[in-house]
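Colleague: Mind docking chain A with the ligands on chain U? Use the hints.
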Amino acid sequence: MADLRIRLAGISSPNPFWLASAPPTNTGYQVQRAFEAGWGGAVWKTLGDPIINTSSRFAAVHFNGQRVAGFNNIELITDRPLEVNLEEIYETKKRFPGHALVVSLMVEPKREKWHEIVKKVEAVGVDGLELNFGCPHGMAERGMGSASGQQPDLVEMQTMWAKEAAKTPVIVKLTPNITDITATAKAAARGGADAISLINTINSLAGVDLDTWNTVPHVGGKGAHGGYCGPAVKPIALNMVAECARNPEVGIPISGIGGISNWRDATEFLLMGSTCVQVCTAAMHHGFSIVEDMIDGLTNYLDEKGLASVNELIGRSVGRYSDWGDLDLNYAVVARIDRDNCIVCNKCHIACEDTSHQCIERHTDDSGAAYLLVREEDCVGCNLCSIVCPVEGAISMIEVPSSDPPLSWNQRQAAITAINPDNGGDDSGEKEAV
Amino acid sequence: MGDSLSANGAGLSAEELRRNFAEVKPGMRPKEAIEESNRCLYCYDAPCIKACPTGINVPSFIKKISTGNMLGSARAIMDANPVGASCSRVCPTEELCEGACVLNHSSKPIRIGDLQRYATDWAIGSGKTLFQAGPGNGRSAAVVGGGPAGLSAARELARFGFSVTVFEAKEQAGGLNTYGIVSFRLPQSISLWEVEQIRKLGVDIRTGIKVGEDVTVQELLEQFDVIVLAIGMSKVPMLGIEGEQLDGVYDAIDFVEATKTELTEEMAGKRVAVIGAGNTAVDAATCSVRLGAANVKMVYRRSREEMTAYDFEFEFAKQDGVEFEWLSMPVRIIGDGEGKVTGLECVRMRLEPAEDGGRRRPVPVEGSGYTLEVDAVIKAIGQTRYLPLIEQLGIEHKRGIVTVDPVTFQTSNPRIYAAGDVVFGDGQGEAMVVSAAQQGKLAAYSIHQTLVERRERHG
Ligand SMILES: Cc1cc2nc3c(=O)[nH]c(=O)nc-3n(C[C@H](O)[C@H](O)[C@H](O)COP(=O)(O)OP(=O)(O)OC[C@H]3O[C@@H](n4cnc5c(N)ncnc54)[C@H](O)[C@@H]3O)c2cc1C
Ligand SMILES: Cc1cc2nc3c(=O)[nH]c(=O)nc-3n(C[C@H](O)[C@H](O)[C@H](O)COP(=O)(O)O)c2cc1C
Ligand code: SF4
Ligand code: SF4
Ligand code: SF4
Chain U
1 MADLRIRLAG
11 ISSPNPFWLA
21 SAPPTNTGYQ
31 VQRAFEAGWG
41 GAVWKTLGDP
51 IINTSSRFAA
61 VHFNGQRVAG
71 FNNIELITDR
81 PLEVNLEEIY
91 ETKKRFPGHA
101 LVVSLMVEPK
111 REKWHEIVKK
121 VEAVGVDGLE
131 LNFGCPHGMA
141 ERGMGSASGQ
151 QPDLVEMQTM
161 WAKEAAKTPV
171 IVKLTPNITD
181 ITATAKAAAR
191 GGADAISLIN
201 TINSLAGVDL
211 DTWNTVPHVG
221 GKGAHGGYCG
231 PAVKPIALNM
241 VAECARNPEV
251 GIPISGIGGI
261 SNWRDATEFL
271 LMGSTCVQVC
281 TAAMHHGFSI
291 VEDMIDGLTN
301 YLDEKGLASV
311 NELIGRSVGR
321 YSDWGDLDLN
331 YAVVARIDRD
341 NCIVCNKCHI
351 ACEDTSHQCI
361 ERHTDDSGAA
371 YLLVREEDCV
381 GCNLCSIVCP
391 VEGAISMIEV
401 PSSDPPLSWN
411 QRQAAITAIN
421 PDNGGDDSGE
431 KEAV
Chain A
1 MGDSLSANGA
11 GLSAEELRRN
21 FAEVKPGMRP
31 KEAIEESNRC
41 LYCYDAPCIK
51 ACPTGINVPS
61 FIKKISTGNM
71 LGSARAIMDA
81 NPVGASCSRV
91 CPTEELCEGA
101 CVLNHSSKPI
111 RIGDLQRYAT
121 DWAIGSGKTL
131 FQAGPGNGRS
141 AAVVGGGPAG
151 LSAARELARF
161 GFSVTVFEAK
171 EQAGGLNTYG
181 IVSFRLPQSI
191 SLWEVEQIRK
201 LGVDIRTGIK
211 VGEDVTVQEL
221 LEQFDVIVLA
231 IGMSKVPMLG
241 IEGEQLDGVY
251 DAIDFVEATK
261 TELTEEMAGK
271 RVAVIGAGNT
281 AVDAATCSVR
291 LGAANVKMVY
301 RRSREEMTAY
311 DFEFEFAKQD
321 GVEFEWLSMP
331 VRIIGDGEGK
341 VTGLECVRMR
351 LEPAEDGGRR
361 RPVPVEGSGY
371 TLEVDAVIKA
381 IGQTRYLPLI
391 EQLGIEHKRG
401 IVTVDPVTFQ
411 TSNPRIYAAG
421 DVVFGDGQGE
431 AMVVSAAQQG
441 KLAAYSIHQT
451 LVERRERHG
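Taken in sequence, the protein lines are chains U and A.
Position one of the first sequence corresponds to residue 1 (this note's numbering), numbered consecutively onward.
Position one of the second sequence corresponds to residue 1 (this note's numbering), numbered consecutively onward.
Same shape as in the complex, but just chain U (with noise of 0.2 Å):
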């Protein structure tokens, strides 16, 4: 059976799976009983003040009769004191000393109260600390959150100054609400952060009540941006992990988060250079039980893969992300229907038709029966066929032989350059978005 322990950071935990900082850490009862299902560590839910109840605070968003595509919340900080938040930390940690437990702070953007948390907290005895500079509503109007977390220097600043109390190691969780993540993740680093945590929640309003015309959710009639996790965020979190993965000037340990709802989500946040993952969403939708499928499903893929321990998956496809301008632009594949697995709904057709290259035709053998075939020399390889296809194995999408070699739009256009400087190369290093 492989070996599920990480350390991140200097901070170890029997497994990757870590509850982030949010309601389902909000005390010790909660993290003890999380600790007892299996998660391998626990950020407290972010301790600072004023306590401040917002009611209602949580709304979703609901896709296709699945609950919970997407979660959205209103809510602050801690709810309650942090005399009893410490102690409960202290008692948890006594009874739970193998686990990893880490407390997210959260203070008005000053040395002295980074000072005086950060030695508060660590005088209980904890594993680390996570710097809250994500929480994009309620915070940032005074200052702190995201409103202190999209500012590279006021993140490097702060830092800094945690960093000047701390003993232990310190995690700054960076906010998605920020054009290029890496500004605020190598400004963590140059504050001296040992490792970085991402994403919290991105901006959002759930929705608008058709009889009503209320915001959801909605605080006496009045409505305001909340933020934004669970299953929809994925992509938008995986990509800002890798990005910060990938960037030799952020070059601290990761922990992965943002719709984190099982075992294959986290595998590819581990494969994205996450250390470990931080889970809200899943586990406010169906309990801390859900770590036991990610436990057992995650060492059975090890196992299946050969590997010994999770630590050889760490960081595995963070270099094959890379840039628009460093892609093959000669590699080309084409879609082929498999008859076998057709069922012949026309999707693929349509939507070819409509919407992409018109080359799905569609055609009547011999004995009457509809069937699809691609005219493969139009095809562009883009994909949306297979992706609207509704069943396994009808839809492949083939690689075909290039009777060219590998040439990306930075090797064509240092190509172009070689021959003649005057003329392109001048965005060569630029991102393209596609």
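Hints in this document: simulated from the structure, not taken from any laboratory.
Don't take each hint at face value.
As a list, the in silico DSSO-like pairs of lysine-lysine whose alpha-carbon atoms are at most 30 Å apart [claimed, not checked]:
| hint | chain 1 | residue 1 | chain 2 | residue 2 |
| --- | --- | --- | --- | --- |
| 1 | U | Lys305 | A | Lys31 |
| 2 | U | Lys305 | A | Lys200 |
| 3 | A | Lys297 | A | Lys235 |
| 4 | U | Lys347 | A | Lys31 |
| 5 | U | Lys305 | A | Lys128 |
| 6 | A | Lys170 | A | Lys398 |
| 7 | A | Lys108 | U | Lys347 |
| 8 | A | Lys235 | A | Lys25 |
| 9 | U | Lys234 | A | Lys31 |
Modeller: Just chain A with the ligands now, with coordinates in the frame of chain U:
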């Protein structure tokens, strides 16, 4: 099935027979399984778990299907139920797990049995061994009978570190899963895979050995620390009517068993009467149809309401074209000069309210006698007990139903435990594969507790 089952009187080809006895219900396809598993709510303290006699963690194994953790899913099932692959096919799920699913109230229940089959089929295909034996604890156990109850006890004892020997009279272990439940519902290979999983734990399964004849009770008591009696039930009892010895009269258990090993043309073109209306009777009737019988009637002295076969069994029989003679009691089997069955004489019955308010009593309608022209009669009116062996063991019983403590499954001899059909009856337990498996497990737990844990505690 309907018209694909040829019943035109002509013999069936070997290929037709094979097709008729191949598993009727196809397994779920991947897309079906993914859709269905994602529909499960993953309830907390889920009622489906409690409704499964073996307590399979249903939401857990279903979630594992949805996350693609097939090995974990199969383990979760087989951990709770050592014959979980068979059970996925033969359990009356609408009365058990699926009947309890909360979605019955708002949508349609989750197809738990089909998902369970999907996961265990994956395990069978993978060739993996799911469990390991525990480190030896120096104790030995003899399990008499290798059916669901015996196998289940053997597996749990092996996991506790007992050295386990199973004695099985038949050529193969698996009990009625291997020999009793018709192939088109439960192929033999499924049951034999379960047997193999248990053998791989180091359990010594000695087949072809009948306890009481090939090895004595005394020898077992001398050689083993503890005995688990899991011999199930015996043959169908005598009807006690004239003509029972005629050529063409069958015992339903023997009859079905024969189809599990070889398919013959014996029933081809024949008119068959099956006496009884339990699950065994239905199995004998559908088997007859699939062997090419021209007409199959089930003869029952009560009505549809009192029929003990599960609803899905009844529906299945109707689909196979089985006919029903309700409120009819056989009084004589008629034979020709050569001793071959030619008819079944019956009388009509009516139901009278029982004096004590219990099940309505069938009473013959005077002068209503009539004869069904048949070529074969299959008796399926319950099963008798292995009285001689039970007497040899010297344990308490009521007409062959072994008396056990309902919690520990210990018999009147503290070194002998009993589980499965051998304790079924008189309000004790239920004759189902899944309950036999659970009882085997529970017997193993109390044996472990008594022989190992308690000793350890007392030093
Ligand atoms: C035709 C039929 C259909 C059924 N259909 C269903 C169904 O759809 N669903 C369901 O849940 N249940 C069904 N049942 C009931 C189910 O099969 C039994 O409840 C279950 O098999 C009981 O398990 P067991 O281990 O107690 O006994 P068995 O399965 O009977 O196993 C007992 C074993 O002990 C062996 N044995 C007996 N005497 C000796 C001896 N002296 N020495 C060594 N070995 C011995 C036997 O050969 C046999 O292998 C059906 C039963 C029948 C007969
Ligand atoms: C109700 C709610 C409250 C949250 N509170 C905090 C918080 O106090 N501190 C913090 O750092 N993140 C907080 N978060 C963000 C989560 O820790 C996490 O980063 C985010 O939900 C993404 O993970 P998920 O998709 O698994 O939910 C909160 C999230 C939710 C849903
Ligand atoms: S889950 Fe329901 S009952 Fe519990 S605090 Fe929230 S609104 Fe109240
Ligand atoms: S979408 Fe898939 S199933 Fe539907 S017609 Fe196209 S290939 Fe066939
Ligand atoms: S009761 Fe139904 S929905 Fe709930 S866990 Fe069980 S199978 Fe799933």
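Colleague: A separate judgement is required for each hint: does it hold in the structure or not?
Modeller: Hints versus structure:
1. Taken as a hint, the Lys305 of chain U and Lys31 of chain A pair is honoured in the structure, with Cα atoms around 25 Å apart against an allowance of 30 Å.
2. Between the alpha carbons of Lys305 of chain U and Lys200 of chain A the distance comes to roughly 24 Å, so the proposed pair stays at or under 30 Å and holds.
3. Among the hinted pairs, Lys297 of chain A with Lys235 of chain A is consistent with the structure: their alpha-carbon atoms are about 22 Å apart, no more than 30 Å.
4. For the proposed pair Lys347 of chain U and Lys31 of chain A, the alpha carbon gap of about 17 Å is at most 30 Å, so the pair holds.
5. Among the hinted pairs, Lys305 of chain U with Lys128 of chain A is consistent with the structure: their alpha-carbon atoms are about 15 Å apart, no more than 30 Å.
6. In summary, the hint linking Lys170 of chain A to Lys398 of chain A is supported, as the alpha carbons are separated by about 26 Å, within the 30 Å threshold.
7. Distance check on the hinted pair: Lys108 of chain A and Lys347 of chain U sit about 28 Å apart at the alpha-carbon level, within 30 Å; holds.
8. For the given pair, Lys235 of chain A sits about 29 Å from Lys25 of chain A by alpha-carbon distance, which is consistent with the 30 Å threshold.
9. Distance restraint check for Lys234 of chain U and Lys31 of chain A: the Cα-Cα separation of roughly 23 Å lies within the 30 Å cut-off, and the hinted pair is therefore satisfied.
In this structure, every one of the numbered hints holds.
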